[in-house]
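Asker: The task is simple: from the sequences and hints, build the whole structure.
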Amino acid sequence: MAGGSSQSGMKAALTLIGKRFASSLLTLLLVSVTIFIIAQLLPGDAAQEALGQSATPQQVAALRHEMGLDRPAYVRYASWLTGMVSGDPGQSLVANMPVSEVISERLPNSLLLAALTALVAVPVALAIGIGSAMNRGGRLDRALNVATLSMVAVPEFLVATIAVLIFSVKLRWLPSIAMASEEMGWGDYLRGVAMPILTLSVIVIAQMARMTRAAVIDQMDRPYVEMAVLKGVAPVQVVLKHIMPNAIAPIVNAMALSLSYLLGGAVIVETIFNYPGLASLMVNAVTSRDMPLLQACAMIFCAAYLLLMLIADVTAILANPRLRAQ
Amino acid sequence: MIFNALSQAKALPLSGKVGLALVLFWLAVALFGPMLAPYPVGAFVAYDVFDGQSAAHWLGSDYLGRDVLSRLLSGARYTVGLAAAAAMLASATGTALALTAAVGGAKVDEPLSRFMDMLISIPSKIFSLVLVAAFGSSLPLLLLIAAITYVPGNYRIARALAVNLAQMDYVQVARARGEGRFHIAIAEVLPNMIHPLLADFGLRFVFIVLLLSGLSFLGLGVQPPDADLGSLVRENISGLGEGALAIIAPAVAIATLTVGVNLLIDGLPGRGKRA
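As given, the protein sequences belong to chains S and W, one line each in that order.
Position one of the first sequence corresponds to residue 1 (the working numbering), numbered consecutively onward.
Position one of the second sequence corresponds to residue 327 (the working numbering), numbered consecutively onward.
If you are wondering where the hints come from, they were derived from the structure by calculation, not from laboratory data.
Glycine is no exception: its CB is placed at the ideal position from the N, C-alpha and C atoms.
Honestly, I wouldn't trust all of these hints.
Computed list of chain S residues with no C-beta within reach of chain W, every gap over 12 Å [claimed, not checked]: (1) Leu16; (2) Lys19; (3) Glu66; (4) Met67; (5) Ala78; (6) Ala118; (7) Arg142; (8) Ala143; (9) Trp173; (10) Pro245; (11) Pro250; (12) Asp290.
Simulated restraints, written as ranges between beta carbons of each label pair [as the list claims (entries may be wrong)]: (13) Asn274/S to Ala363/W: 27 to 35 Å; (14) Pro123/S to Pro366/W: 45 to 53 Å; (15) Asn135/S to Val499/W: 44 to 52 Å.
Residues on chain W that point at chain S, a partial pick, calculated with CB under 7 Å [said to hold, decoys possible]: (16) Ser341; (17) Leu455; (18) Ser564; (19) Leu566; (20) Ala577.
Answerer: Written as structure tokens, this is what we have:
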């Protein structure tokens with residue numbers, strides 16, 4: 001692209017991002033179809049479930065009609081989807097209130113937990129990743145490799161259990177149940193969520209540090225780094241002035257990808273600490289087979305996941321020097 | 327064959343040897359553990375609940391006064407057995423579909439790959455929770471759910487491998503020779519992707535162990551009276567406050583199993599780039 005002007009580069013990047021965004025939306029739509037279909041496979045429908053075994057067929061039929069379950073599947077899908085989009089995903093069967101209300105109570109808690117975890121995890125992961133990349137092949141790098149490789153495979157509830165044993169049983173610093181309520185001050189809140197954050201961080205950091213290391217090492221193998229080393233630039237300067245500006249986009253990409261591990265981790269962590277978030281709500285919905293609530297929760301998680309993937313891809317597109325303005 | 331495996335084991339780095347030892351240990355436990363159990367699995371044998379370590383009960387007693395070691399030995403069989411079966415099913419299905427896509431041309435490859443891309447963008451825990459809610463969680467269903475959840479990941483890796491191989495000269499020669507698609511997929515392409523696929527199988531196994539024990543921990547996986555390692559953590563959760571061995575032992579057991587597999591795969595020569 002020697003002769004390409006910066007404007008055409010920008011345009012190409014925008015087109016690519018637009019396409020990527022459209023394909024995310026399409027994927028989300030297909031995901032909603034999949035989730036809807038799986039939820040419909042439930043043996044016996046919601047009306048039967050609500051009335052119990054002793055209901056007469058007439059009662060069940062009446063309730064089915066009232067709930068709109070006697071309409072064809074595609075009509076129900078269309079009304080569910082338009083409901084989702086307009087912010088009304090239906091009625092929670094167990095809580096007996098609108099799904100949107102149940103979720104709006106829990107969603108901020110989960111978002112806060114995720115934000116705080118990212119705040120803790122990102123700097124630590126960056127330090128570990130860059131540190132072990134600079135020490136490539138050395139003792140520190142190998143030790144960190146084994147450590148992060150092991151942490152990736154450790155179940156969340158072991159990390160949580162060990163955290164409770166140390167901080168709440170032995171040291172008695174922190175409560176073993178996470179509380180979150182309106183009346184609590186920030187100090188109490190932070191004490192309450194310290195252990196969930198710690199547990200989630202440990203899991204995300206391991207993944208993130210490995211990907212950061214890979215991104216930095218990828219840059220280290222480039223000729224421009226060899227050039228800088230050969231002309232006698234100090235190692236720290238090589239990393240800060242030469243590698244980092246080029247590695248930032250791949251690192252942001254790695255961060256977005258590994259933050260998606262938060263979604264799965266939250267399911268276990270919120271449950272073990274009794275944290276009133278979206279993931280524990282979803283587990284409750286599975287246990288009570290509250291399908292409208294479950295479908296809405298699943299869609300939120302999938303949307304969050306796709307958003308993270310979109311961010312990862314967009315940074316990769318913007319970082320591509322063949323597309324970026326020169 | 328055996329000498330070959332031995333020399334390969336010797337060539338592993340230290341962490342890989344540790345991993346191999348852990349994997350062999352848990353395989354042995356899954357195979358022979360229940361025979362070695364000192365007490366029947368469901369028997370109430372201790373006077374106290376959440377006993378510490380003692381000569382009669384090496385890993386103490388659980389929340390009902392049952393022997394933790396005996397329950398752990400039988401739980402390991404569920405965890406290892408279910409996960410191994412599910413990982414095999416996932417790998418076999420994913421690879422078979424990938425081979426079909428690789429030799430089937432664009433009109434098979436495109437829709438199949440788009441469908442798998444869609445499935446892969448549902449986080450695995452969320453996907454399995456929806457499946458459990460819809461179907462329930464008997465042992466065969468759990469096996470199936472875990473397998474379905476990890477087919478797309480295997481498909482993606484296997485397809486990338488198979489598509490590359492299908493363009494190699496020797497495959498073109500086989501095509502020109504007039505070999506059928508089935509022969510090309512099974513006899514030409516598959517043998518050359520076995521090594522990376524084995525590494526991928528190990529990773530799927532780790533993911534599935536973590537998924538299934540996570541589900542059991544939530545009470546949505548293996549149902550009583552059966553118990554895998556995740557169920558053991560769940561049922562003894564009330565002992566957390568006193569730091570009971572009954573809750574630590576099964577959690578550590580899962581971790582040593584999954585960490586062992588990870589270390590082993592990482593130590594293998596020419597392993598895949600994925601973490």
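Asker: Does the no-contact call for Ala78/S survive, Cβ to all of chain W over 12 Å?
Answerer: holds (19 Å)
Asker: Can we trust that Glu66/S is non-interface, i.e. its beta-carbon lies farther than 12 Å from all of chain W?
Answerer: holds (23 Å)
Asker: Can you let me know if the beta-carbon spacing of Pro123/S and Pro366/W is within 45 to 53 Å?
Answerer: For Pro366/W against Pro123/S, whose Cβ atoms are near 52 Å apart, the range 45 to 53 Å holds.
Asker: Would Ala143/S pass as off the interface with chain W, using Cβ distances and a cut of 12 Å?
Answerer: Violated, because the least Cβ-Cβ distance between Ala143/S and chain W comes to about 10 Å, which does not exceed 12 Å.
Asker: Minimum Cβ separation between Met67/S and chain W greater than 12 Å?
Answerer: holds (18 Å)
Asker: The hint says 44 to 52 Å between Asn135/S and Val499/W; measuring C-beta to C-beta, is that right?
Answerer: holds (47 Å)
Asker: Minimum Cβ distance from Leu566/W to chain S below 7 Å?
Answerer: Interface hint status for Leu566/W: holds (6 Å vs cutoff 7 Å).
Asker: Checking a non-interface call: every C-beta of chain W should be farther than 12 Å from the C-beta of Lys19/S. Is that right?
Answerer: It holds; Lys19/S is separated from chain W by about 15 Å at its closest Cβ, greater than 12 Å.
Asker: For Leu16/S, which was marked as not at the interface, is the minimum beta-carbon distance to chain W over 12 Å?
Answerer: Answer for Leu16/S: holds, closest chain W Cβ roughly 17 Å.
Asker: In terms of Cβ atoms, is chain W entirely out of 12 Å range of Arg142/S?
Answerer: violated (8 Å)
Asker: At 12 Å, judged by beta carbons, does Trp173/S keep clear of chain W as stated?
Answerer: holds (15 Å)
Asker: For the hint on Ser341/W, does the least C-beta distance to chain S fall short of 7 Å?
Answerer: holds (5 Å)
Checked against the numbered hints above, the structure violates hints 7, 8, 12, 18; every other hint is satisfied.
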